[in-house]
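K.L.:
Chains A and B supply the protein sequences, listed in that same order. The first sequence begins at 5 in my numbering and counts up one residue at a time. The second sequence begins at 549 in my numbering and counts up one residue at a time.
It should be emphasised that the hints constitute simulated quantities derived from the structure, not laboratory data. Idealized CB from N, CA, C, for every residue including glycine. Not one of these hints is a red herring.
Derived pair list, reagent style SDA-like, types lysine to any residue, alpha-carbon separation capped at 20 Å:
#: 1; chain 1: B; residue 1: Lys-803; chain 2: B; residue 2: Val-904
#: 2; chain 1: A; residue 1: Lys-69; chain 2: A; residue 2: Ile-250
#: 3; chain 1: A; residue 1: Lys-194; chain 2: B; residue 2: Asp-643
#: 4; chain 1: B; residue 1: Lys-656; chain 2: A; residue 2: Arg-183
#: 5; chain 1: B; residue 1: Lys-773; chain 2: B; residue 2: Ala-833
#: 6; chain 1: A; residue 1: Lys-194; chain 2: B; residue 2: Thr-640
#: 7; chain 1: B; residue 1: Lys-656; chain 2: A; residue 2: Gly-180
#: 8; chain 1: A; residue 1: Lys-69; chain 2: A; residue 2: Ile-248
#: 9; chain 1: A; residue 1: Lys-194; chain 2: B; residue 2: His-638
#: 10; chain 1: B; residue 1: Lys-656; chain 2: A; residue 2: Thr-184
#: 11; chain 1: A; residue 1: Lys-194; chain 2: B; residue 2: Arg-681
#: 12; chain 1: B; residue 1: Lys-768; chain 2: B; residue 2: Gln-576
#: 13; chain 1: B; residue 1: Lys-656; chain 2: A; residue 2: Arg-187
#: 14; chain 1: B; residue 1: Lys-612; chain 2: B; residue 2: Gln-577
#: 15; chain 1: B; residue 1: Lys-773; chain 2: B; residue 2: Leu-816
Partner residues are not named here, just some residues of chain A that face chain B (Cβ under 8 Å, in silico):
#: 16; residue: Pro-167
#: 17; residue: Asn-169
#: 18; residue: Leu-170
#: 19; residue: Met-172
#: 20; residue: Leu-177
#: 21; residue: Gly-178
#: 22; residue: Gly-180
#: 23; residue: Arg-183
#: 24; residue: Ile-188
#: 25; residue: Pro-191
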Amino acid sequence: MVARISAKLPKALFVLLIAAIVAFLLFPVFVVIPISFNDINDLRFPPVGFSLRWYEAFMADPFWKAAFLTSLQVALMTVVASVSLGTAAALALFMSDLRLKPALRLFLLSPLVTPVIVLAIGIFMVFSRWKLAGTITGLVVAHSVLAIPLVIVAVTAALHTIPPNLAMASAGLGAGPVRTFFRIRLPLLKPGVVAGAVFAFITSWDEAVISIFLSSPSHRTLPVLIWSGVRTGLSPVIAAVGSILIIITAVGLALVYALRPADADNRQSL
Amino acid sequence: MTSALQLEGLGKSFGHFRALHDISLDLQQGEFLTMLGPSGSGKTTTLQLIAGFLQPDRGRLLMKGRDIAGIPAHRRNIGMVFQDYALFPHMTALDNVAFPLESRGIGKLERRRRAEEMLGVVNLGHLLDRYPRQLSGGQKQRVALARALVYDPEVVLLDEPLGALDKKLRTSMQLEILRITRRFGATVISVTHDQEEALVMSDRIALFSQGALAQVGTPKELYAKPANAFVADFVGESNLLPAELTRAGGEAVVKGDGWLAKLPVDRLAVGLADGQVTLMVRPEALRLSAGDASPVAQRPNSIEATVKQVVYLGSALRVHAQLPNGSIIQIAVPDVRSLSFVPETTVRASWDADDVVILQA
Numbered sequence: 005m006v007a008r009i010s011a012k013l014p015k016a017l018f019v020l021l022i023a024a025i026v027a028f029l030l031f032p033v034f035v036v037i038p039i040s041f042n043d044i045n046d047l048r049f050p051p052v053g054f055s056l057r058w059y060e061a062f063m064a065d066p067f068w069k070a071a072f073l074t075s076l077q078v079a080l081m082t083v084v085a086s087v088s089l090g091t092a093a094a095l096a097l098f099m100s101d102l103r104l105k106p107a108l109r110l111f112l113l114s115p116l117v118t119p120v121i122v123l124a125i126g127i128f129m130v131f132s133r134w135k136l137a138g139t140i141t142g143l144v145v146a147h148s149v150l151a152i153p154l155v156i157v158a159v160t161a162a163l164h165t166i167p168p169n170l171a172m173a174s175a176g177l178g179a180g181p182v183r184t185f186f187r188i189r190l191p192l193l194k195p196g197v198v199a200g201a202v203f204a205f206i207t208s209w210d211e212a213v214i215s216i217f218l219s220s221p222s223h224r225t226l227p228v229l230i231w232s233g234v235r236t237g238l239s240p241v242i243a244a245v246g247s248i249l250i251i252i253t254a255v256g257l258a259l260v261y262a263l264r265p266a267d268a269d270n271r272q273s274l
Numbered sequence: 549m550t551s552a553l554q555l556e557g558l559g560k561s562f563g564h565f566r567a568l569h570d571i572s573l574d575l576q577q578g579e580f581l582t583m584l585g586p587s588g589s590g591k592t593t594t595l596q597l598i599a600g601f602l603q604p605d606r607g608r609l610l611m612k613g614r615d616i617a618g619i620p621a622h623r624r625n626i627g628m629v630f631q632d633y634a635l636f637p638h639m640t641a642l643d644n645v646a647f648p649l650e651s652r653g654i655g656k657l658e659r660r661r662r663a664e665e666m667l668g669v670v671n672l673g674h675l676l677d678r679y680p681r682q683l684s685g686g687q688k689q690r691v692a693l694a695r696a697l698v699y700d701p702e703v704v705l706l707d708e709p710l711g712a713l714d715k716k717l718r719t720s721m722q723l724e725i726l727r728i729t730r731r732f733g734a735t736v737i738s739v740t741h742d743q744e745e746a747l748v749m750s751d752r753i754a755l756f757s758q759g760a761l762a763q764v765g766t767p768k769e770l771y772a773k774p775a776n777a778f779v780a781d782f783v784g785e786s787n788l789l790p791a792e793l794t795r796a797g798g799e800a801v802v803k804g805d806g807w808l809a810k811l812p813v814d815r816l817a818v819g820l821a822d823g824q825v826t827l828m829v830r831p832e833a834l835r836l837s838a839g840d841a842s843p844v845a846q847r848p849n850s851i852e853a854t855v856k857q858v859v860y861l862g863s864a865l866r867v868h869a870q871l872p873n874g875s876i877i878q879i880a881v882p883d884v885r886s887l888s889f890v891p892e893t894t895v896r897a898s899w900d901a902d903d904v905v906i907l908q909a
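Working from the sequences, and respecting the hints, build out all of it.
P.N.:
Next up, the structure:
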């Protein structure tokens with residue numbers, strides 16, 4: 005009897021704790037999204053009235069529109085750069101038996117643990133000299149530095165799920181290394197590559213610190229414009245832009261979930 | 549008969565461990581050879597050398613007389629079935645079987661036709677569009693076999709092909725694999741540690757022990773004329789009795805502890821010297837009768853023992869009996885109704901001189 009209660013109690017506590025964490029994490033979302041529908045020119049919560057006027061204001065404003073397009077362009081280019089480089093790096097790390105492999109892996113993953121502000125200052129100083137600061141290319145390269153480790157982690161995880169003898173079987177059946185890569189390895193890596201791509205997109209999409217350093221008036225991303233908007237005057241447009249950022253991020257994560265390995269489900273149902 | 553594959557003095561070491569030394573084998577076209585041995589005896593290493601997944605340190609590997617040492621795995625035209633089948637999970641059964649044809653640049657329609665036909669041969673014509681995860685173990689096995697045969701390879705390698713199947717399925721798949729590979733006249737090398745499987749399926753067996761070949765021969769040769777005690781012990785069941793050999797005229801006299809065997813000298817292996825030897829006799833070569841306590845010299849080719857255990861096997865009985873020196877011998881009794889051999893009775897087990905093999909001690 006006593007044992008049953010003490011066994012149940014931690015479980016109830018556990019559920020409570022999880023609920024608290026989830027609420028804590030989601031709380032800003034539940035505030036920001038309603039605020040964006042305010043009918044008055046104030047960031048008031050709960051919102052007063054209901055209107056889409058701040059979304060209309062966002063779309064009518066050429067600065068917001070330009071920033072949205074810049075963010076989208078930078079994020080998509082970051083995806084292309086970091087997915088191709090990150091996948092190649094993950095494969096190389098996986099297949100080589102180089103003595104330097106652990107050091108190399110640590111080096112490639114180091115942006116994950118470097119304080120972003122340190123990275124930002126370093127990147128800004130170097131890019132200024134290289135005339136990359138304030139350009140789209142500069143933003144893409146800097147964001148890729150942050151995104152490549154995430155792609156490496158996602159693809160490496162996927163590589164470990166592929167039975168090692170499939171590549172051997174493919175060779176035994178007459179397929180050269182190139183065919184084995186494109187017909188066997190890559191299709192089986194797809195969930196990992198897609199996850200890496202989405203993480204890369206999100207990383208670039210809501211990156212603010214480095215972008216503030218590297219932005220120029222002609223190339224500003226959404227988070228940068230939000231930041232300067234918050235400083236100069238609080239308008240519900242910011243809540244509307246924030247909501248758009250959140251929704252696009254959520255769509256990305258939903259994509260990862262929808263494209264997770266088909267095996268995981270089918271094995272259970274069969 | 550032309551030889552499809554020749555192994556000449558192959559050797560392979562991993563660091564200081566000598567995994568293989570001096571493996572020489574000659575595989576005939578259309579032959580089914582089983583590489584048998586305990587785990588770690590070198591049979592899988594040999595298979596990987598042939599497949600091209602490993603490179604030998606010494607020796608030569610000839611396919612139809614051509615040295616294939618430098619040829620990478622994907623250009624060797626060898627078919628391989630892995631123990632866990634290694635089917636591609638993102639492809640249907642049909643695409644799996646068509647994959648090696650695709651690698652050989654065969655057109656889409658032609659490879660579909662051939663893959664379909666091949667899946668028909670392995671009785672899976674109705675499951676073409678199933679993914680590996682939707683197939684049972686036996687069905688996966690058939691897909692893997694079809695995939696390894698569809699491009700008519702020079703040699704088909706089977707790595708523990710039945711290891712993942714349950715016993716009943718294993719027995720039927722043994723015959724099924726034979727039927728299919730025979731139909732294509734395929735040259736097959738199968739690796740297994742299951743001696744029963746080796747006896748059933750093989751034209752010849754190559755028995756490995758500690759990285760070397762213990763004996764190569766037909767199942768019958770290995771069973772009836774094992775070259776040494778390891779072979780006798782590994783293939784089938786055997787009673788091994790220490791003894792001393794002396795030759796007297798045309799007769800060999802083998803004297804053990806409380807028994808005597810006599811056989812013609814020409815039944816002895818060439819080069820077997822007088823002195824310490826081992827007499828090998830199979831359980832089914834022994835006949836049981838009531839004990840009679842007659843002197844050893846009057847009853848050669850028999851031994852007196854005490855029944856310790858009678859095991860009922862359904863189709864036969866297996867009697868475990870203890871010799872005067874304490875060791876246990878096994879006797880197969882085909883007639884399950886002969887229940888007179890109760891424990892602790894004294895019995896006499898006798899054999900024909902033709903049924904024993906004298907081995908180096």
